Amino acid sequence: MNSSLRKISFNFLAITSFVIFSCQETLKTQDLSPELKEKIQSQAREIVSKMDNKEKAGQIIHIAIPGKGLDKTAIKEIKKIRPGGVILFGNNLGSKTEILRLTSNLQAEMKKYKLPPLFISVDQEGGRVVRVKKGVTGFPGAMAIGQTGKEEYAHDVGFITSFQLNSLGINVVFAPDLDINNNPDNPVINTRSYGSDRELVTKMGTAYERGAREGGAMPVIKHFPGHGDTNIDSHLGLPIINKSIEEISSFELVPFQKSIADGARAVMSAHIVYPNIEDGLPATLSRKILTGILREKLGFDGVVFTDAMEMHAISKNYKNLKRGPLAIIAGADVILLTSWGKTTTEYQKMMLSAISKKEFEKDGKNLLDEALVRQISAKIEFGLFSQPDSHHRVKDPEILKYLEEKSNQAKAKYASFQEKNLKEYNRRISIDSIKTLKGNFTPLSKKQMSEYKMFAKSKVLRREAKIAGLKTISRKELKKIVSKKIEGKYIFDSREKKDLEEIEKIISELPESEIILFHYGSPFIQFPEHKNLKVILSFSPTYSSLIGIFHRVFYSDPGDPILPCTVILKESSKKKSN
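Here our numbering is used: position 270 in the sequence shown is 273, and no number is missing along the way.
It is worth saying that the hints were derived from the structure and are not from the lab.
Do not take every clue at face value.
Pair by pair, the computed Cβ-Cβ distance ranges are [said to hold, decoys possible]:
1. Ser511 x Gly70: 44 to 54 Å
2. Thr445 x Ser511: 21 to 31 Å
3. Glu499 x Thr445: 22 to 32 Å
4. Glu499 x Lys99: 45 to 55 Å
5. Lys115 x Gly152: 28 to 38 Å
6. His315 x Tyr116: 48 to 58 Å
7. Pro391 x Glu249: 31 to 41 Å
8. Glu41 x Lys300: 42 to 52 Å
9. Pro391 x Glu499: 22 to 32 Å
10. Glu499 x Arg466: 18 to 28 Å
Dumping the calculated DSSO-like pairs for lysine-lysine here, alpha-carbon to alpha-carbon at most 27 Å [said to hold, decoys possible]:
11. Lys136 x Lys115
12. Lys573 x Lys500
13. Lys456 x Lys483
14. Lys57 x Lys416
15. Lys368 x Lys456
16. Lys501 x Lys441
17. Lys300 x Lys246
18. Lys534 x Lys508
19. Lys492 x Lys456
20. Lys53 x Lys482
21. Lys319 x Lys300
22. Lys534 x Lys479
23. Lys537 x Lys479
24. Lys416 x Lys456
25. Lys117 x Lys136
26. Lys40 x Lys75
27. Lys368 x Lys40
28. Lys460 x Lys449
29. Lys137 x Lys57
30. Lys53 x Lys115
31. Lys426 x Lys492
32. Lys500 x Lys117
Just so we're clear, the structure is a prediction, and the values are computed from it rather than from any experiment.
Built from N, CA and C at the ideal position, the CB exists for glycine as well.
Whole structure, please, built from the sequences with the hints as guidance.
Written as structure tokens, this is what we have:
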């Protein structure tokens, strides 16, 4: 078994050295010349100038739909709202064929009303945030990739994910997450971040965004100006961060500033209040933050998406305000909604009312028109208006040449990641991401492995154990071991707090046993106290991460120890009590 594994490893290194070498070149067409940028904006202004008020009110709104197909509700929403985009969730996404049919039918429905093509978006960060399960590679999440320290991994994962999504008709990916998770009590970001270190998050996030931009779908960096240093989930409550502009400029803003300077085209705002910058309003509704900091200080001229407006941070705390118009006046270009029906109608009415009252006309500018021009410009740049049957099809030869070259280079680059290599490349990334909670861990030899028994909930781990010849035990056998206090060497697995609580009860009855814990959830959690406990982290629950954690422990060279993770963790309960 070990000799065959060494053979696989050797072959894989040969493959990945080629892949990494061939895929680290940045596509030459990525940077728009000022002349080409002006042509795209001119075309966008022309398209916006032909919109009536109802179309403008709808195009600024992105909606969700209920099912896997273009049902009556979806058709009604498009006809009524005339949205600029649709966000898809797991309930919308089935097989590759079903996804292609859905995205194609959505775009066809827009053509019926001579409306611009849709931005079709999805949260596809990898790891625990995965909506599309078919037709894409299941990479580990940001923190796992961050722990490898390898910028090329972030770049390639961004490119491959974006290319695969774009091939399915999904042209916007809400990733990467540029939040620096320096608060171990953060309930919503944690493993979605590349880490707790400013430089690491900046390096990895910028690389992912660049790669994703090359892949064809538009990446959206998030959550501006930073969601890492909070202990409140903005889906459920309103986070408040008491930092000054000087403080966030030297920390939270750094990854965004670098990515924007590198060419990022889209940003998502955070529903977080920064009272020392603008008291009372979250970033999504704050002109001081979205215009003053993002556009004026950082020079960002791309598309700003709000985070979902149904999140409680907004919907519960600002329900008496005109939330949609306020976001556009603040500097946003897209009102992101994750529902249909009552909510979308409410926002449409808000927008139409604001248009009729000329609320978007400020200092000789129409802020709504400017937002629409930025959104349409991005759609042109990412090829949405280049299809032969597109309404308002782009005809400028320079723009079409740019789009064709960009598409051809992306196809050639993706071809270098041949399908047979992608699985192995994903496995290599996953293996390289494995760390310990603390201290070094020496991979086990075959003889050492034979001394352990595993109780695992994961089917993947149980299967790997069977292949490796590692003895597994049933729940019935485990109960016997605990009741009779049979000391030994045991391996457990965990993902969530409830798993750890169960394991803590078990190992408290086995104080002299040697325990290895494979943990594939968040490391920002209270782990059991046990003098002989070794915790191995994958930061990700994907199939490749589960394979990675097993292989790193049992098939790696003992001379290559697993090193501790580099993120800021919770203090142990013992330290807190002292």
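These are the hints, each one checked on the structure:
{"no.": "1", "hint": "Ser511 x Gly70: 44 to 54 Å", "result": "holds (48 Å)"}
{"no.": "2", "hint": "Thr445 x Ser511: 21 to 31 Å", "result": "holds (26 Å)"}
{"no.": "3", "hint": "Glu499 x Thr445: 22 to 32 Å", "result": "holds (28 Å)"}
{"no.": "4", "hint": "Glu499 x Lys99: 45 to 55 Å", "result": "violated (30 Å)"}
{"no.": "5", "hint": "Lys115 x Gly152: 28 to 38 Å", "result": "violated (50 Å)"}
{"no.": "6", "hint": "His315 x Tyr116: 48 to 58 Å", "result": "violated (33 Å)"}
{"no.": "7", "hint": "Pro391 x Glu249: 31 to 41 Å", "result": "violated (52 Å)"}
{"no.": "8", "hint": "Glu41 x Lys300: 42 to 52 Å", "result": "violated (24 Å)"}
{"no.": "9", "hint": "Pro391 x Glu499: 22 to 32 Å", "result": "violated (50 Å)"}
{"no.": "10", "hint": "Glu499 x Arg466: 18 to 28 Å", "result": "holds (21 Å)"}
{"no.": "11", "hint": "Lys136 x Lys115", "result": "violated (30 Å)"}
{"no.": "12", "hint": "Lys573 x Lys500", "result": "holds (14 Å)"}
{"no.": "13", "hint": "Lys456 x Lys483", "result": "holds (14 Å)"}
{"no.": "14", "hint": "Lys57 x Lys416", "result": "violated (42 Å)"}
{"no.": "15", "hint": "Lys368 x Lys456", "result": "violated (70 Å)"}
{"no.": "16", "hint": "Lys501 x Lys441", "result": "holds (22 Å)"}
{"no.": "17", "hint": "Lys300 x Lys246", "result": "holds (17 Å)"}
{"no.": "18", "hint": "Lys534 x Lys508", "result": "holds (14 Å)"}
{"no.": "19", "hint": "Lys492 x Lys456", "result": "holds (6 Å)"}
{"no.": "20", "hint": "Lys53 x Lys482", "result": "violated (72 Å)"}
{"no.": "21", "hint": "Lys319 x Lys300", "result": "violated (30 Å)"}
{"no.": "22", "hint": "Lys534 x Lys479", "result": "holds (26 Å)"}
{"no.": "23", "hint": "Lys537 x Lys479", "result": "holds (24 Å)"}
{"no.": "24", "hint": "Lys416 x Lys456", "result": "violated (45 Å)"}
{"no.": "25", "hint": "Lys117 x Lys136", "result": "violated (32 Å)"}
{"no.": "26", "hint": "Lys40 x Lys75", "result": "violated (39 Å)"}
{"no.": "27", "hint": "Lys368 x Lys40", "result": "holds (20 Å)"}
{"no.": "28", "hint": "Lys460 x Lys449", "result": "holds (23 Å)"}
{"no.": "29", "hint": "Lys137 x Lys57", "result": "violated (36 Å)"}
{"no.": "30", "hint": "Lys53 x Lys115", "result": "holds (17 Å)"}
{"no.": "31", "hint": "Lys426 x Lys492", "result": "violated (32 Å)"}
{"no.": "32", "hint": "Lys500 x Lys117", "result": "violated (51 Å)"}
Checked against the numbered hints given earlier, this structure breaks hints 4, 5, 6, 7, 8, 9, 11, 14, 15, 20, 21, 24, 25, 26, 29, 31 and 32; the rest are met.
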